[in-house]
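For chain A, the structure is supplied; the task is to place chain B on it using the hints.
Okay, here's what each chain looks like letter by letter:
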Amino acid sequence: AQSVTQLGSHVSVSEGALVLLRCNYSSSVPPYLFWYVQYPNQGLQLLLKYTSAATLVKGINGFEAEFKKSETSFHLTKPSAHMSDAAEYFCAVSVHDYKLSFGAGTTVTVRA
Amino acid sequence: GAVVSQHPSWVICKSGTSVKIECRSLDFQATTMFWYRQFPKQSLMLMATSNEGSKATYEQGVEKDKFLINHASLTLSTLTVTSAHPEDSSFYICSAIPQAGTTYEQYFGPGTRLTVT
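Chains A and B are the protein sequences, given in the same order.
Residues 1 to 112 in our numbering are what the first sequence spells out, letter by letter.
Residues 1001 to 1117 in our numbering are what the second sequence spells out, letter by letter.
You may find that some hints are simply not true.
[What the hints assert, rightly or not] Below, computed lysine-lysine pairings styled on DSBU-like, alpha-carbon distance capped at 35 Å:
#1 K1055(B) <-> K99(A)
#2 K1020(B) <-> K1066(B)
#3 K69(A) <-> K1066(B)
#4 K1020(B) <-> K99(A)
[What the hints assert, rightly or not] Here are a few chain B residues that sit away from chain A, every Cβ distance over 10 Å (derived from the structure):
#5 P1008
#6 G1016
#7 L1026
#8 E1087
#9 Q1106
[To be verified] Facing chain B, according to a computed beta carbon distance under 7 Å, are these residues of chain A, among others:
#10 S14
#11 Y98
#12 A104
Hints are computed from structural coordinates only; laboratory data are not their basis.
Just so you know, even glycine gets a beta-carbon here, dropped at the ideal spot from N, CA and C.
So that you can see chain A by itself, here it is in the shape it has in the complex (with noise of 0.2 Å):
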């Protein structure tokens, strides 16, 4: 069965700073790989996924990120950290069978 872990529960940036959000997956089959994101009392947006094209993916509000099979992991980036990314993220990773599975989520708080 497939699973991902999302390092760190909480993470706090300086508004301008890098945001960083850790996902590592498992997965014995070549899995497609999402990222969301989720504002209180809402349900989820994709950021961006990986289907097995390009390794460095592009999403949407300025985030993006890599696909590394050696490491098993797709951590999120986004180079300058905005108020309105404060926000919870979720990693999700899913096979063939279009389940997803989520990892625990990332809250992010952006201080001015």
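Just chain B, lined up with the frame of chain A:
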């Protein structure tokens, strides 16, 4: 495109009653929809997979007689929480996969907050 709605957005019900939550794909047809449950400050846990015209597939540990799922059309799936109890209070989120989807992407609804008193 690819919008999923849920109704109601929040509901309060008394213990012992049943409540129905609707999940609709507004601009696409979905043969498969998923239902998730999210407790405060926690991740999403898959409850069941809903396939149009067939019985839902429940994840281990989910009571199928308590959480009734019906996927009667290509744009509508419903989750009925029967004989609700306070421990059923949670945020319920559905997602849908377009019938013609090829990228394994799910589109999520905005969620339904259920409070059982």
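Here is what the structure says about each hint:
{"no.": "1", "hint": "K1055(B) <-> K99(A)", "verdict": "holds (17 Å)"}
{"no.": "2", "hint": "K1020(B) <-> K1066(B)", "verdict": "holds (12 Å)"}
{"no.": "3", "hint": "K69(A) <-> K1066(B)", "verdict": "violated (41 Å)"}
{"no.": "4", "hint": "K1020(B) <-> K99(A)", "verdict": "holds (23 Å)"}
{"no.": "5", "hint": "P1008", "verdict": "holds (13 Å)"}
{"no.": "6", "hint": "G1016", "verdict": "holds (26 Å)"}
{"no.": "7", "hint": "L1026", "verdict": "holds (13 Å)"}
{"no.": "8", "hint": "E1087", "verdict": "holds (20 Å)"}
{"no.": "9", "hint": "Q1106", "verdict": "violated (6 Å)"}
{"no.": "10", "hint": "S14", "verdict": "violated (24 Å)"}
{"no.": "11", "hint": "Y98", "verdict": "holds (6 Å)"}
{"no.": "12", "hint": "A104", "verdict": "holds (5 Å)"}
When each numbered hint is compared with the structure, violations occur for hints 3, 9, 10.
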